[in-house]
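Chemist: Sequence:
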Amino acid sequence: MGSGKYSAISGAEARMKALDVVANNLANINTTGYKAERDLFESYLTDAVQVQQAKGVNYTRHTARFIDFTEGKTFATNRQLDVAISGSGFFKVETDTGKYYTRVGSFLRAEDGSLLTVNGARVLDDADKPIELSDPAARIDDSGNILTSDGAVAGRLGVYEISEPERLVRQGEGMFRLEGDETQGVSPLMTPSLLPGHLEGSNVNLVMESATMMQVLRSFESLQKVLKSYSTISEKANELGTF
Numbered sequence: 002m003g004s005g006k007y008s009a010i011s012g013a014e015a016r017m018k019a020l021d022v023v024a025n026n027l028a029n030i031n032t033t034g035y036k037a038e039r040d041l042f043e044s045y046l047t048d049a050v051q052v053q054q055a056k057g058v059n060y061t062r063h064t065a066r067f068i069d070f071t072e073g074k075t076f077a078t079n080r081q082l083d084v085a086i087s088g089s090g091f092f093k094v095e096t097d098t099g100k101y102y103t104r105v106g107s108f109l110r111a112e113d114g115s116l117l118t119v120n121g122a123r124v125l126d127d128a129d130k131p132i133e134l135s136d137p138a139a140r141i142d143d144s145g146n147i148l149t150s151d152g153a154v155a156g157r158l159g160v161y162e163i164s165e166p167e168r169l170v171r172q173g174e175g176m177f178r179l180e181g182d183e184t185q186g187v188s189p190l191m192t193p194s195l196l197p198g199h200l201e202g203s204n205v206n207l208v209m210e211s212a213t214m215m216q217v218l219r220s221f222e223s224l225q226k227v228l229k230s231y232s233t234i235s236e237k238a239n240e241l242g243t244f
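Numbering (this note's numbering), first residue to last: 2 to 244.
Errors might be hidden in some of the hints.
Said to hold, decoys possible - Taking lysine to any residue and the SDA-like style, the derived pairs with C-alpha atoms no more than 20 angstroms apart in a straight line are:
| hint | residue 1 | residue 2 |
| --- | --- | --- |
| 1 | Lys-74 | Gly-181 |
| 2 | Lys-18 | Asn-29 |
| 3 | Lys-74 | Val-208 |
| 4 | Lys-18 | Thr-33 |
Hints were generated in silico from the structure; no laboratory data involved.
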């Protein structure tokens with residue numbers, strides 16, 4: 002198979018992967034706290050790389066898939082236990098399977114007073130302990146303090162800074178697991194900026210994703226035509242060989 006045909010096949014495969022990512026992003030455009038995914042691709046075209054790594058063949062390689070942690074737009078809910086993070090940081094939660102990080106601040110008070118996420122994970126404070134709300138009317142202020150109905154501080158919501166967000170692995174329901182040593186590169190924010198009564202929406206940009214989808218589809222169609230041309234050339238070459 003010729004180098005050009007390898008290039009067209011690998012390019013078409015790369016566009017299919019890119020299309021999957023775009024489709025998933027668009028499907029989550031209204032998902033609270035969703036973070037878009039991005040793909041990185043690399044073409045082996047330079048002389049040194051082509052000879053040493055690609056063995057003389059031009060092709061496109063899928064390098065990595067990463068999560069875009071750009072902040073999404075916030076929207077008001079007016080619920081006293083809803084809170085959005087303005088700027089960097091993550092809430093820390095705990096389930097029976099371990100501890101996770103999330104930007105989804107839609108919390109509720111369980112019957113036993115535990116502060117939980119909507120999917121039942123326990124919300125942790127800045128000392129890494131589960132938060133208990135003895136006062137049903139407790140609320141969270143813009144600094145993360147948990148205030149009782151008479152204004153007394155009953156605790157503090159944990160908002161954590163992660164120096165290497167690329168270590169976060171998506172786990173579903175807006176939660177991320179941190180790979181590696183959790184004691185490295187993770188620290189509570191002393192002065193977090195929060196928006197009580199708000200939630201952070203998806204950071205998917207409809208216009209950008211739609212434009213990317215159209216570009217990927219056009220590129221994929223072009224590569225299909227290239228492959229068809231290579232097939233036609235191969236057929237003609239075989240015919241010439243019979244004379």
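Chemist: With reference to the structure, classify each hint as holding or not holding.
Modeler: Status of each hint after checking the structure:
no.: 1; hint: Lys-74 - Gly-181; in the structure: 30 angstroms, violated
no.: 2; hint: Lys-18 - Asn-29; in the structure: 17 angstroms, holds
no.: 3; hint: Lys-74 - Val-208; in the structure: 15 angstroms, holds
no.: 4; hint: Lys-18 - Thr-33; in the structure: 24 angstroms, violated
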